[in-house]
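A.B. asks: In the numbering used here, the protein residues as written are 163 to 662.
One or more of the hints may lead you astray.
To be verified - With a cut-off of at most 30 Å between alpha-carbon atoms, the simulated BS3-like pairs for lysine-lysine come out as follows:
1. Lys226 <-> Lys572
2. Lys267 <-> Lys510
3. Lys510 <-> Lys407
4. Lys572 <-> Lys641
5. Lys267 <-> Lys430
6. Lys620 <-> Lys610
Stated by the list, open to error - Label-pair distances were calculated between CB atoms; the ranges are:
7. Ser214 <-> Phe448: 51 to 57 Å
8. Gly401 <-> Lys358: 40 to 46 Å
9. Glu418 <-> Gly444: 19 to 25 Å
10. Leu546 <-> Leu222: 48 to 54 Å
11. Leu465 <-> Val410: 15 to 21 Å
12. Pro605 <-> Gln412: 43 to 49 Å
13. Asn213 <-> Thr630: 45 to 51 Å
14. Val438 <-> Ser214: 43 to 49 Å
15. Asn213 <-> Phe260: 25 to 31 Å
16. Glu432 <-> Tyr458: 47 to 53 Å
17. Ser541 <-> Thr630: 49 to 55 Å
18. Glu644 <-> Asn402: 26 to 32 Å
Think of the hints as simulated: they come from the structure by calculation, not from any bench. Even glycine gets a Cβ: it sits at the ideal position worked out from N, Cα and C.
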Amino acid sequence: MFEKNLAVVLKYANIAMLTAVFLSFVLLRLINLGYSEYIPDETTVMTPVKNSEINTGFLLAQRKGPVQFLVAQAVNIFNNNVFDEFSYRFPFFLASVFGLFFFYKFIKNMEGQFVAVVATLFLGLNGMLIAFGRVVQYQSLNLLFSSAGLYFLSLLKDEDHRIRNSILGSLFLSLSIMSHWDMVFVLPPALFLIFKYVLFAPLRGRQRRSIIGALSLPVLVIFMPFFINYYGVALSDAGNISYFKTRVGQAEISLENIMHNLKEYITKVELYNPFVYLYALGALAFAGLIGSKRAYPYFYWFLLSLAAFMFIIIKPGTHVYNLFYPAVILSALGAQYFYQLFKGFLSKAVVVALIALFSFFAYQGYLLFADPSVDYPWSQEDILGRKTRPYSQQSLPNNIIGFPIYRGWKEAAEFLAGENARNGSDLPYVTNEESSIGGFYLPLRYGKEGEYYAIGVKRPLSFVNDYTFPSIKNKKTVKRIEVYGENTMRIYKASANEEK
């Protein structure tokens, strides 16, 4: 009777723990989800939706997969107010959370619950993954489809439902590569699972052929028709070819270049995870590599991904997040090594230390991404008495994703439309901000024709410092927009004939 009651208690304790884990993922992505205005990466998706440009020809001409556009277009069916940032980000938020769920299920199936929980916490509380779960962009779709694909492939070790799991695994991986080419970073574990549980498994010939056929079905029916048409349209465009050549190619192989790349990756990761994260991840990953023989497949996965960034990918950007998939598993194996190394009280101390560590990551993530009161990364954030490093326009990377950035574009659009209507005019505008942002929010033409508006944005995503337009003489301020008591946007009325 006691053992039965204990089993029930442990069952509900496990449910409570997993609920708390995933609730933290939900809150960090959902709180103030609609606060920020769209960033340039989001306007790339939203502008075609706004302009009703989504069709087969458009989708096939894109440099990246079509799924992010299809998701945004699906939202547009139910809510055609493209300025409702919350509604359009919500599916990507869901994809991020469910992606973490499937990642947990995949690791649990491979390494057990302890490793699965720790690895998923490391991944879900990573600042980059939090940021991606708060924007209209492909990364959360890749996380969802890649994790789901790996999970269903991992089920092939069981005798039940192998055909179904083969189809689902291949289907989700096909959807992942149709979301973005980043799917190639999960090909190593996907192929490992197929070789281990299908090609090298003790299966009957007919059974093996059936599974291979099931794995091939989504590729042949869904991915190949898309890719054949995509190859004929997108890859025949000179602009797209030029774009790919600036991203992928043979990088310079030298110790100096490798060290430069590593420093750049660390700097980018620390922008999203200022304190402790990389040190804890690295130390535990090293412990996992030393203390667990099961770490080697994940280490090889990490090395393959790192080699791709070092020697093939010329402009990695935020794609370095793909390195965290194997890294967090290695770290979780390291945590398990310490947990099993100690007995009694000390093993419980390991669990307490992990809880404290992940609580700090959650708090750090909340301050950086969900709390808009500090304009991080332009302003320094105070995290438990420690200031984040100061960033300048020059030291920040050229794309800032997921931070709570609001400058007042909708208020500016309402004011300028009202001014033009009141004056019976059609004045254009110029701005120091990225043209895609103004072009999305403002119902005005861009340019200088006689009289025009000059919109100065403080700390813009264009990284153009000049927001007071000193070259424009005799300009008149017609509107100031403040956020948290600070002037973030100033609108001038100017004349093209009065410039120097």
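A.B. asks: State for each hint whether it applies.
C.D. replies: Hint check results:
{"no.": "1", "hint": "Lys226 <-> Lys572", "in the structure": "holds, 29 Å"}
{"no.": "2", "hint": "Lys267 <-> Lys510", "in the structure": "holds, 24 Å"}
{"no.": "3", "hint": "Lys510 <-> Lys407", "in the structure": "violated, 52 Å"}
{"no.": "4", "hint": "Lys572 <-> Lys641", "in the structure": "holds, 13 Å"}
{"no.": "5", "hint": "Lys267 <-> Lys430", "in the structure": "holds, 29 Å"}
{"no.": "6", "hint": "Lys620 <-> Lys610", "in the structure": "holds, 21 Å"}
{"no.": "7", "hint": "Ser214 <-> Phe448: 51 to 57 Å", "in the structure": "holds, 52 Å"}
{"no.": "8", "hint": "Gly401 <-> Lys358: 40 to 46 Å", "in the structure": "holds, 42 Å"}
{"no.": "9", "hint": "Glu418 <-> Gly444: 19 to 25 Å", "in the structure": "holds, 22 Å"}
{"no.": "10", "hint": "Leu546 <-> Leu222: 48 to 54 Å", "in the structure": "holds, 50 Å"}
{"no.": "11", "hint": "Leu465 <-> Val410: 15 to 21 Å", "in the structure": "holds, 19 Å"}
{"no.": "12", "hint": "Pro605 <-> Gln412: 43 to 49 Å", "in the structure": "holds, 46 Å"}
{"no.": "13", "hint": "Asn213 <-> Thr630: 45 to 51 Å", "in the structure": "violated, 32 Å"}
{"no.": "14", "hint": "Val438 <-> Ser214: 43 to 49 Å", "in the structure": "holds, 47 Å"}
{"no.": "15", "hint": "Asn213 <-> Phe260: 25 to 31 Å", "in the structure": "holds, 30 Å"}
{"no.": "16", "hint": "Glu432 <-> Tyr458: 47 to 53 Å", "in the structure": "violated, 28 Å"}
{"no.": "17", "hint": "Ser541 <-> Thr630: 49 to 55 Å", "in the structure": "violated, 20 Å"}
{"no.": "18", "hint": "Glu644 <-> Asn402: 26 to 32 Å", "in the structure": "violated, 42 Å"}
The structure is inconsistent with the numbered hints 3, 13, 16, 17, 18, although it conforms to all the rest.
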